[in-house]
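Engineer: The lines below spell out each chain.
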Amino acid sequence: MEFIPLGDSALLIRLGDDLEKLAPRSFENILGALQRLEAAQISGVVDLTLSYATIAVFFDPGRVVEAGAPVGNLVDWLTAKIQGALQKGSKRKQKKIESRLVEIPVCYEQEFGLDLDEVAQRAAISIKELIQLHTAPEYRVACVGFTPGFGFLSGLDQKLATPRREAPRTAVPAGSVAIGGIQTGVYPIRSPGGWNVIGRTALRMFDLQRDPPALLSAGDRVRFHSITRAEFDSLGK
Amino acid sequence: MITQILRAGPLASVQDPGRFGHRRIGVGSGGALDPFAARVANLLVSNDVTAALIEVTLGNFRIRFTDERVIAWCGGAFPVQIGQDKISAGHAFLVRAGDELVTGAPQIGCRMWLAISGGIDVPFVLGSRSTDMRAAFGGFNGRALHDGDDLPLGEVTAPARAHMKTMREKRLSSWSAPREWISTATRYPKLRLTRGADWDRFNTSTQEALMSGKFTVTPEVDRMGVRLDGPELKRIEASDLLSEAVVPGTIQVPPSGKPILLSGDCQTIGGYPKIAHVITVDLPIVAQLRTGDEVRFQETSISEAHSLLLQRERDLDRFRIGLDLKTS
Numbered sequence: 001m002e003f004i005p006l007g008d009s010a011l012l013i014r015l016g017d018d019l020e021k022l023a024p025r026s027f028e029n030i031l032g033a034l035q036r037l038e039a040a041q042i043s044g045v046v047d048l049t050l051s052y053a054t055i056a057v058f059f060d061p062g063r064v065v066e067a068g069a070p071v072g073n074l075v076d077w078l079t080a081k082i083q084g085a086l087q088k089g090s091k092r093k094q095k096k097i098e099s100r101l102v103e104i105p106v107c108y109e110q111e112f113g114l115d116l117d118e119v120a121q122r123a124a125i126s127i128k129e130l131i132q133l134h135t136a137p138e139y140r141v142a143c144v145g146f147t148p149g150f151g152f153l154s155g156l157d158q159k160l161a162t163p164r165r166e167a168p169r170t171a172v173p174a175g176s177v178a179i180g181g182i183q184t185g186v187y188p189i190r191s192p193g194g195w196n197v198i199g200r201t202a203l204r205m206f207d208l209q210r211d212p213p214a215l216l217s218a219g220d221r222v223r224f225h226s227i228t229r230a231e232f233d234s235l236g237k
Numbered sequence: 238m239i240t241q242i243l244r245a246g247p248l249a250s251v252q253d254p255g256r257f258g259h260r261r262i263g264v265g266s267g268g269a270l271d272p273f274a275a276r277v278a279n280l281l282v283s284n285d286v287t288a289a290l291i292e293v294t295l296g297n298f299r300i301r302f303t304d305e306r307v308i309a310w311c312g313g314a315f316p317v318q319i320g321q322d323k324i325s326a327g328h329a330f331l332v333r334a335g336d337e338l339v340t341g342a343p344q345i346g347c348r349m350w351l352a353i354s355g356g357i358d359v360p361f362v363l364g365s366r367s368t369d370m371r372a373a374f375g376g377f378n379g380r381a382l383h384d385g386d387d388l389p390l391g392e393v394t395a396p397a398r399a400h401m402k403t404m405r406e407k408r409l410s411s412w413s414a415p416r417e418w419i420s421t422a423t424r425y426p427k428l429r430l431t432r433g434a435d436w437d438r439f440n441t442s443t444q445e446a447l448m449s450g451k452f453t454v455t456p457e458v459d460r461m462g463v464r465l466d467g468p469e470l471k472r473i474e475a476s477d478l479l480s481e482a483v484v485p486g487t488i489q490v491p492p493s494g495k496p497i498l499l500s501g502d503c504q505t506i507g508g509y510p511k512i513a514h515v516i517t518v519d520l521p522i523v524a525q526l527r528t529g530d531e532v533r534f535q536e537t538s539i540s541e542a543h544s545l546l547l548q549r550e551r552d553l554d555r556f557r558i559g560l561d562l563k564t565s
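Chains as they are written, first to last, in our numbering: chain S, 1 to 237; chain Z, 238 to 565.
To be clear, the hints were calculated from the coordinates, so they are not data collected in a lab. Heads up, a few of these hints could be off.
Which bits of chain S does chain Z cover? Going by a derived footprint, with three or more residues having C-beta under 8 Å, they are [what the hints assert, rightly or not]:
#1 76-84
#2 106-113
Computed footprint of chain S on chain Z, listed as stretches where at least three residues anywhere in the stretch have a Cβ under 8 Å from a Cβ of chain S [said to hold, decoys possible]:
#3 257-269
#4 311-325
#5 476-490
#6 519-530
Just so it is clear, the structure is predicted and the values come from calculations on it, not from any experiment. Don't be surprised by glycine CBs; every beta carbon is placed ideally from N, CA and C.
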């Protein structure tokens, strides 16, 4: 485990190097570490995020000093607090971390899947097989970013890996399900984007009327299932 | 009550100190690009430091007031006028119904923060009144201000009312905020930075080039970041990195070797190596960068960055206490 300052107001904890190659178990470890840090409520910590095998701890230096840290060595003080919080949790009989499973219904019709043919051709498979391969795995949200609510999903079948489009689209419709390299994801809001679009969901991935507004959060498990155009229309109502 | 935007100029938006605690769902902090200047402007009009105000970019802005308020602004070198009165940065001014504030283009820098007593009364979204223009929420209808917008103003608080009373004889305050707080713009800024999480992915000559080279601000500059042109920064190994958290002030280096200095509206995560981070007390200078400015960097330690930040907080606190005595 490495502790690396991200400027003067955040610390990056690198728990491992390459999550893609690690066992699914490491997701639970990272999620568990995040939950222990949340529970510890360290004074001056204002935000926590995870991304792949890293956790970032954002802090307000003034409040950390108020909590007793020496100005000249705030980072070491905070690092010790974080290590303490992580160890405290791990010594206790650890209950299994329950991550959420989010089911996403997707209509894989040509009308929505702007790049459906290209992705299938590249993989030398039929569209039916493409849908089977895309709906088979249980994905993990490795991180959320790019736009609010955009989850980068790990676990795509290697056969479906498709490089990003050479010319990104200036506007990808909200709800578009797409593949970028070895990752897949859903565009929560209409935005520019270079991923290959293979379908669309009627679910609102980012909705300010909801708490939290984003459907996906880092660490969640995700499954896609195929629906017909008629089902899509009735869900969208 | 409202205030009327007669001319919004190239870009004006409602901002506050920012939106915190939502990075896990991909929502960054945003907010006034110079949160310190925003706090000072708010203090000058007897607002809470977290009140929403207007961030004006590159001037050509005109606003009409419809009742009595105290206003103040901080930021770049803007020519600001109300009627015949020239309003310098960091001074408080009493406006009356019908008064119009006009600002032309700035001589140096590019942004100003205009505080109005009572604050801009737009709804809180995810705990903040800041406009997230990319995701289209927060602020005034989730967008930049347009000509003709009527912005709702909050009720004037008791301290602000007392403050207004003291200004009816002389509408422009004789006192002002310290100069280094109200105008951080310079053509040849020097930014202090600390080593980034990926510092060691660059060789010594690249590290030296960052510290000794001169970098020019390209036309690609906005609320998300500043693309710089200068000595090419080359990584030792060009392997793909997994995305990690980035913060305002992070200097990331894409494959082109031309660094990008991230600003308040930056994404929450990034996959480019992070060579360095501009320290928090220098972000107000970053907020004023515009095309053609020449930037130099200087390395500092994290503990120095912290002591500078804490010193500034103490100075601001003293300033606030002094203001309370003057305005009540």
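Engineer: So, for every hint listed, does it hold in this structure?
Structural biologist: Here is how each hint holds up against the structure:
no., hint, verdict
1, 76-84, "violated (count 0)"
2, 106-113, "violated (count 0)"
3, 257-269, "holds (count 8)"
4, 311-325, "violated (count 0)"
5, 476-490, "holds (count 8)"
6, 519-530, "violated (count 0)"
The earlier numbered hints that this structure contradicts are 1, 2, 4, 6.
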